[in-house]
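Colleague: Got two chains here, each in a separate frame; can you build the complex from them with the hints?
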Amino acid sequence: MAKHETPLLDQLETGPWPSFVTDLKRQAATKPECWDILGILELSYKDRITHWKHGGIVGVFGYGGGIVGRYADMPKQFPGVEHFHTIRVAQPSSKYYSTANLRQLMDLWEKHGSGMTNFHGSTGDIILLGTRTENLEPFFWDLTHDMGQDLGGSGSNLRTPANCIGHSRCEWSCYDTEEACYHLTQHYQDEIHRPAFPYKFKFKFSGCPNDCVAAIARSDVSVIGTWRDEIRIDQAAVKEYVAGNYPPNGGSHSGKDWGKFDIQKEVIDLCPTDCMWMEGGELKIDDTECTRCMHCINVMPRALRPGADQGASICVGAKAPILDGAQFSTLIVPFMKVEKENEFEELIEFIESIWDWWMEVGKNRERVGETMQRVGLPTFLKVMGIEPIPQHVKEPRSNPYVFWKEEEVEGGFERDVEEFRRKHAA
Amino acid sequence: MGYNPDKPMDGRISDLGPPHYEQFFPPVIKANKGKWLWHEITQPGVLMHKSETGDEVYSIRCGTARLVSIEYIREVCDIADEFCDGYLRFTTRNNVEFMVDSKEKVQPLLDNLASRGNKFPVGGTGAGVTNIVHTQGWVHCHTPATDASGVVKAVMDELFDYFTSMTLPAQVRIALACCLNMCGAVHASDIAILGVHRKPPMIDHTRITGVCELPLAIASCPLGAVKPAKATVDGKEIKTVQVNVDRCMFCGNCYTMCPAMPLADPEGDGIAILVGGKVSNRISHPKFSKLVIPFLPNTTPRWPETVAAVKKILEAYAADANKYERLGDWAERIGWEKFFEKCDIPFTDKSIDDYRLAYDTWRTTTQFKYTSHIK
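So the sequence lines, in the order shown, correspond to chains L and F. Sequential numbering from 1 applies to the first sequence in my numbering. Sequential numbering from 427 applies to the second sequence in my numbering.
Only chain F is shown next, with the shape it has when bound in the complex (with noise of 0.2 angstroms):
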């Protein structure tokens, strides 16, 4: 028997929830949860666990770009059944990472995963570039100003290197959200690509009637930019919306509850480019990441642009940093007049905050230093 859709509830199983950890668990892990003494990185994208019981395990981690086929899956699962006793499992990044019982078994994998072409780059340990946390992009999603995973091909293609190796002050977290709805980890990223519109909504008063509830709209906008209104459509008054062009900064959320209000433009939309943010507590605090680029043209395929920016700003915090600087640690121990000098980035009023609680991002002090953008 299977689904009925005369009696849709006859049968019917809910509320099981996830299936438990514990049946996918490695031997290895099984026997050590919570026993690990501790790990070291063998080699770029291998760690190794030491456990209180003198059991080991290498991890064996590899790059994926998460948009995956069934295929691919397939893939993964039959290295897992050849090298790991049929397990694996997937990092927080959206890496996957087989695991083996000894050091022996570690070769014959890597050499394994070497012979598949580029489907299994194995790297995103310690302190270099790991996978870009990401969103759907234009494959799925209604509100997105730029693509997700062209971009991130594109980016991590130059930043390749970087991945299968630890050279860097510390590790470098890339995100991108392609709307500011920033579903990720946009906000609290080393260099976060974020997709932004730069035309207000058009509002089309010939469906707004019956798609959109008008209040919701109304309270969607974080400025008040958007007003009650009425319209004529075919001879007829109808309830709808305006928009104060002088308030609205793009943000595309009145488009998120209303169907109505489409802002999507091929030269409007783009990139915005921020840094310094992070979400350990290691030395400093948490941060969230700072607007420094405020727009770059989404030049499809390849985004050459965004794949320039985001290289400059990663080669001046590779050649200033001291060990263990996170990229926001460097920005604002050197200053952030000196961040945009070092890394050749145009300073403009974009840069500026003038929202809300915008004054505590002023400098209130005599200190500052002297660099090109004083004439």
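One chain only, chain L, in its complex shape (with noise of 0.2 angstroms):
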């Protein structure tokens, strides 16, 4: 595989910021292929679209998914990427590694790869990009044989599930995330690696508020750790923030002057509710009016802690655009206890409901956020047996356009317009 010119990429290899460009000419001294991944891109930037054929179908027995197929369109000019298919691996909870694990998963994937990938895919696998068909099966038994790790899921299945970093790292986790997205990937291997579903379908897993694995926005069903008792005062911390002795937020604004703490300007004018005051020196919070928004906590993390009684809020439906337009997920179990101590049965049993009914009425390529705006939310929550709630909902309807069932109304839907003439002439 012959080097080629590439005027335009070399052009990022300056600048601060690391260069894949840079990067990838390294890589092309142990594997010359990379030179035609180079020169494949470089050849984008020139014409200015993409040299990638459409899909392409590869894959490993036994699974309907984990390798997204990719050929180039001009093969004899770039041969080392004829064939391109992205391997997608599952990865550990957290994005937690050993040397060990990575310097064995590398030598795999110089073995049988091009030798580039991605860490991380959006969704969460390890991305493993570009090798040959004949090369899946052997890289597969090497990755299960040797490894003991598995593919992550493509196609109209349940794709790999990702979680924050949870109780590992984090004070403010108010569940297991960790725990969550591991013994809920090994529930359902079969939903992830044999697809059955009408479309794709996502859990991602937010030990708070915070969301940072962005659940609310890029999964299906959404489990958001909060909690239903008191946030935690320390009130002696409170008085150091107070006195300027702890730097607020974890000093994540410490790069500029912003002037002193003000606990009313920065704290308790900023919460959502309203909910704050300082009395006497302390700081007094009515919870009953809190919606636990984290403002405050993460403002003053050695002052403040998520109540004790910890759980989830269980949210559904986000996706992208595609096809009538972008949602969140929205709230549809306030409260749920999130443990592995009853193997997570409420939420198993809750996406299980979830499931029987979508994979029974899901349009094809619906997803199931989708298919909830299509029936409507009463209908969702009838077909989950949930009780509305004034929690699902951000405010009424405004609309008067209100079905009732026939047996809600008194005297039914049946009637005779003989009798009503005999009130009401024509």
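Hints may be right or wrong, so weigh each one.
Straight-line alpha carbon distances no greater than 35 angstroms define the calculated DSBU-like cross-link-like pairs of lysine-lysine that follow [as the list claims (entries may be wrong)]:
(1) K764(F) / K256(L)
(2) K738(F) / K256(L)
(3) K265(L) / K529(F)
(4) K625(F) / K768(F)
(5) K737(F) / K25(L)
(6) K53(L) / K716(F)
(7) K625(F) / K363(L)
(8) K749(F) / K459(F)
(9) K738(F) / K265(L)
(10) K768(F) / K260(L)
(11) K265(L) / K768(F)
(12) K76(L) / K625(F)
(13) K768(F) / K738(F)
(14) K433(F) / K111(L)
(15) K337(L) / K461(F)
(16) K53(L) / K653(F)
(17) K665(F) / K363(L)
In short, the hints are calculated from the structure, not lab data.
Modeller: Following this line, the structure appears as structure tokens:
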């Protein structure tokens, strides 16, 4: 594979941010197919269109997904990327690694692939970028036999779940996001590897409403940690903040002089429900009015902690714009205990109620958020066996186009116009 | 024994899932999981977490290109072996984090990282600009309207000082998607860079038979612009589709479904800028990003128009917003008319919603501010 001239890409080797071009060139020393990656990308920079053919269906026996097939549209010029399939490898919760594990995976990829990767794909997978069809099964054999690791998901199935860092290195996490993510990933291996759904379906697990894995925007079932008792206040630490001895927001604004910390201005006046005040030098919170937005806790991490009665809010239906517009997940279960002790029984039951229904009524390539829009939230709640509550809406409807079921209306829908006419002549 | 293509199901192992996370925990993480009390950012890129046991863990966060080689990952491993007992992690925004269990171990690690040129820039914490969540672009995808890695490199070079400092009113999340499938976080980011097309698909009648399930292509259109049609190929009448050009807004979803409907174009394709999205629930609700610049050209290799637009928006926000105010909170407080004025962005009809629930985005009040837009 010849070295290609890359005058356009060479210009991306300057500047302070790490250069993917420099990295590709370094890898090309031992993996000459990287020159063809650079070559075909240079051509795209010249032509300003992609040079990958449409689609590509490849995989490994036993699975219906996990590998994204891809072929170059100029294979003669760039034989190193004639086949350029991507392998999705299931990543560990929170993306912690040992160097032993990563080195072994890199050795496998050196043997079977292009030498390029993405750490990580947006859904969470380790992305191994570029290999030939005949390498897929040998790679999969080595991955499962030598490393005990598996592929991630692709296609109309449960995609690879992901989580925020959770209890492992955050004081705010209200449940064990790592264990929830791991447990449900293992529990639903069949649904991940063999597409059986109308369309794709994603889980994401965030430990608190800061939502560091963007669950509310990027997953069909969004499990977001919260609490239902009082914010824990350390009044001595509050005094330290007021005295200026602790930096607000963990020091996250230290690069600019924002003046002395002002608890009234920076915390009390910014609370979205106005439920905080100072009294006799102590910070007071009316927790019954608190919506647990995290602002005060974020500003004073050494003085305020989430409550001790912890669980998660479950929201459903986020998706990107195609087809009917982007959606965030909408609140369905305000509070659920999410615990390893009962093997996440309640959450699993909830998920399976959705699947039982959506797999039946969901149209071809219809995300569950769109199915919910099509049938309406009241119908979805009924299907799920969930009582409607005010928390399910931001505001009540303003149009009067209300459906009533026949059995809800006295006398039913069957009527005789003759009888009506006896009281009301035409 | 390895894979035997003659007996593909022999010895096959499947449904293993990911490795258990706990085996990859640094000892200090394993010992203190669920016991953390508070944290502090000791300097840009360095976090300290304090446990109820008294233990501390220092995390050093470095930017990465996301598209990285095995040689790069091995270099990451070399660093983790030398300084971090052989453990490391990646963040949800594709930064890499090295963790050490005492303050004394921080500076030697920082010095080592700095000695490696610009491969491991330390930062991405607090009220700054962190890594750009992005997609495949021309490196691997068949539907992009722009590249991902190149645009991200060009933008991060320009905003680099914001990665290594914490001078903004709040954190600014920038995301890029190379088409409106919006893989990633473009629909909910402070500043979003989105690849867009501006020409309807071409129809390859000679190939459509056999490569395309026509009802799928028809159903794939959000605006009902794709209709069944007939065409003559080599004297034979075939079933195909036609596109009502007046209804097509160039989303490309029909091409996703049907290989015979390509629409990429060097002059037509480019970038739109959206702003004001967020996912956290802090103070205000999560917000979608809104389209403020409908088109910037694909000027390879450094996209100067896009870089300048992102920088201008960021600097207008930095100069004007209140502490803790996300970009969308700021724009909503001052009003979008002021946003356009302060950012010096021309307002066009392309920013006015005309899709389905568009009415909810129009201004049904007499409350507005007089800006230079009112002549």
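Colleague: Take the hints in turn and mark each one as holding or not.
Modeller: Each hint tested on the structure:
{"no.": "1", "hint": "K764(F) / K256(L)", "verdict": "holds, 25 angstroms"}
{"no.": "2", "hint": "K738(F) / K256(L)", "verdict": "holds, 19 angstroms"}
{"no.": "3", "hint": "K265(L) / K529(F)", "verdict": "holds, 33 angstroms"}
{"no.": "4", "hint": "K625(F) / K768(F)", "verdict": "holds, 32 angstroms"}
{"no.": "5", "hint": "K737(F) / K25(L)", "verdict": "holds, 29 angstroms"}
{"no.": "6", "hint": "K53(L) / K716(F)", "verdict": "holds, 32 angstroms"}
{"no.": "7", "hint": "K625(F) / K363(L)", "verdict": "holds, 29 angstroms"}
{"no.": "8", "hint": "K749(F) / K459(F)", "verdict": "holds, 32 angstroms"}
{"no.": "9", "hint": "K738(F) / K265(L)", "verdict": "holds, 28 angstroms"}
{"no.": "10", "hint": "K768(F) / K260(L)", "verdict": "holds, 28 angstroms"}
{"no.": "11", "hint": "K265(L) / K768(F)", "verdict": "holds, 25 angstroms"}
{"no.": "12", "hint": "K76(L) / K625(F)", "verdict": "holds, 29 angstroms"}
{"no.": "13", "hint": "K768(F) / K738(F)", "verdict": "holds, 10 angstroms"}
{"no.": "14", "hint": "K433(F) / K111(L)", "verdict": "holds, 22 angstroms"}
{"no.": "15", "hint": "K337(L) / K461(F)", "verdict": "holds, 19 angstroms"}
{"no.": "16", "hint": "K53(L) / K653(F)", "verdict": "holds, 25 angstroms"}
{"no.": "17", "hint": "K665(F) / K363(L)", "verdict": "holds, 24 angstroms"}
Checked against the numbered hints given earlier, this structure breaks none of them.
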